[in-house]
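Visitor: Listed below are the residues making up each chain.
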Amino acid sequence: MSAVLDRQRRRVASSERAPLLELRDLVVEYGTERGAVTAVNGVSLAIRPGEIVGLAGESGCGKSTIANTILQVLRPPGRIAGGEIVFKGRNLVGLPPSELRQIRWRHIAMVFQSAMSSLNPVTRIEDQFVDMFRAHQKISKRFATMKSAELLEVVGIDRDRLRAYPHELSGGMRQRVVIAMAMALGPELLLLDEPTTALDVIVQREILQQLEELQREMGFAVLFITHDLSLLVEFSDRIAIMYSGDIVEEADADELFARPAHPYTAGLMASFPPLTGELTTMTGIPGNPPDLHDPPTGCRFHPRCPAARRQPCHLEMPALRALDSPKHQIACHFPLETP
Amino acid sequence: MSAVSISRPVLEARSLSRSFSIGTSFWGARKALRAVDDVNLSLRRGTVTALVGESGSGKSTVARLLGQLYEPTEGRILLEDEDMTGIRNRRLLLEYRSQVQLIFQDPFASLNPVKSVGHHLARPLRIHRVVPNDQVDARVQQLLETVGLVPAAAVARKYPHELSGGQRQRVAIARALAVQPKVVLADEPISMLDVSIRLGILNLVRELKEREQIAFLYITHDLASARYVADEVHVMYRGRIVEHGPTEAVLQSPLHAYTKLLLTAVPQPDSGLNTTFWQGRTGETAALAAHGWDPDVPTSLVEERPGHYVRREGTPG
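So the sequence lines, in the order shown, correspond to chains A and B. The working numbering puts the first sequence at residues 1 to 339. The working numbering puts the second sequence at residues 1 to 317.
Since the hints were made in silico from the structure, they are not lab data. Ideal Cβ positions, reconstructed from N, Cα and C, are used throughout, including at glycine.
Computed footprint of chain A on chain B, listed as stretches where at least three residues anywhere in the stretch have a Cβ under 8 Å from a Cβ of chain A:
(1) 51 to 63
(2) 190 to 199
(3) 221 to 231
(4) 251 to 263
With the hints as constraints, model all of the structure from the sequences given.
Guide: Laid out in structure tokens, this is it:
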């Protein structure tokens with residue numbers, strides 16, 4: 001119950017403030033042997049200070065590309081083909097590497113899905129922390145070690161474990177070590193790309209709960225990327241749904257849960273068997289995400305959409321527009337009616 | 001077929017235990033971890049039995065024991081009442097594997113990237129001589145259709161990298177079905193797949209259970225998916241079964257503290273984060289104690305409701 005209240009308070013507080021990060025018409029392409037594919041197709045998204053924004057969609061919809069693009073750690077053949085990434089009023093696109101290094105980790109930190117395997121297997125946890133501190137700050141080794149111990153305790157790991165090697169820790173613990181590292185420099189924005197997907201429900205619950213507590217204390221903003229919408233509804237203030245490179249719906253978390261208007265969002269919601277109540281045969285979303293080399297004409301979701309009609313769905317790509325309040329945006333010719 | 005033979009288990013684990021050596025002490029004595037501790041399990045025709053628990057609970061070890069990838073330290077494995085524990089003989093092992101098949105979590109790692117889908121399915125057909133050589137291709141297509149991969153002829157020519165995760169898992173299921181097994185052991189078959197395609201695989205399991213009368217063991221940490229496919233649920237914690245019974249009984253009115261704990265960990269969109277939840281591994285015992293259970297006191301399984309067993313303090317009297 002208290003979590004719900006916190007969420008409301010956080011939302012009211014953050015909705016007034018200017019965005020911390022703003023994506024404006026971001027276009028990202030990957031060059032391939034069969035020509036360029038557009039992985040992110042003109043996405044605009046704002047994250048305000050202290051806000052938790054969820055980004056959900058299936059594999060290959062472009063959600064991880066967005067995270068990599070924000071930090072500009074996109075690997076070739078990926079490239080930004082258009083748009084702006086504005087962080088605290090400054091466009092990060094085209095910034096020289098030396099300036100980007102100033103922003104990475106100190107202002108914007110990231111936890112990847114495979115983060116637990118991103119720790120160096122032959123280096124003690126302590127040394128990895130110290131290296132990270134000393135790469136960004138002029139502090140003594142002793143002080144860095146002390147701060148590292150504090151950080152470990154913040155994420156619920158005993159400070160003795162500083163002497164451990166990564167293989168001596170469980171997957172969930174390693175993931176928490178990476179989260180502690182991501183928060184070490186007090187970033188204003190944390191990018192979480194499927195941070196708990198490889199973990200079981202219990203460890204996932206522990207980590208999310210810890211993240212939410214840390215967020216409350218430290219007040220950083222979060223972009224939480226996952227394919228598991230049920231997690232997002234619980235954890236985020238606002239959610240954007242991505243399909244094949246576009247944001248197709250965006251709304252406050254409870255609004256989206258109560259009345260999803262895009263058939264794709266509704267399909268994602270209907271992909272979770274219920275834990276209580278009546279159990280019927282469910283179908284999920286038929287078909288597969290489109291091939292980005294040859295995306296469907298019109299609305300990209302139309303081949304899988306139960307509500308699609310020839311005209312205009314097969315021909316015209318729907319634009320993102322306000323549904324009935326500017327806080328609920330949708331890109332669909334025939335939004336679902338509220339039950 | 002009489003009612004008795006329908007309910008007779010196809011594959012049974014009796015008091016199955018498995019310890020792993022985790023190094024030696026200073027004096028050279030072996031230290032052992034009991035990954036699976038006195039597990040009893042019966043898999044029946046046309047039934048899905050779920051084994052749920054967190055990472056490290058021993059649930060995958062149970063699958064590997066039943067698949068004869070590990071040998072049990074104690075206990076027995078019965079296939080249609082015949083003792084199959086620790087078979088080494090190649091012919092017997094081949095025969096066992098034609099009856100009991102495994103499906104793994106990672107559909108990316110379980111297929112050979114340089115072999116076509118058709119090759120993956122033809123191989124078990126030839127090794128186990130399921131059909132004459134001239135009928136292999138026809139059977140491959142039939143298998144692909146069974147798991148919903150159509151057009152089958154085109155899919156058979158594809159390579160794993162040309163398929164999505166869900167499609168690869170369907171190939172893995174088709175491969176398991178190739179030898180017409182009686183039992184399929186599925187170890188977290190959907191946890192690496194996108195949420196949107198998980199239901200497709202779960203529906204396939206339901207369908208195969210009905211149509212092929214296969215006995216499924218479905219291993220997962222996702223209670224909602226267990227509820228969706230399973231007829232029976234066994235909850236595992238620290239190598240032991242702590243509760244088992246009909247799915248609805250176990251999940252709607254759980255008796256064991258650990259089952260209740262697992263249930264609270266499932267994301268529930270309408271309630272917000274459950275902040276009364278426990279903290280960290282060290283808090284686990286405390287949290288279980290708060291639910292009225294101490295993991296270190298001797299226990300045994302008690303039938304508290306008809307067919308619904310729970311582990312309680314005390315030894316059987």
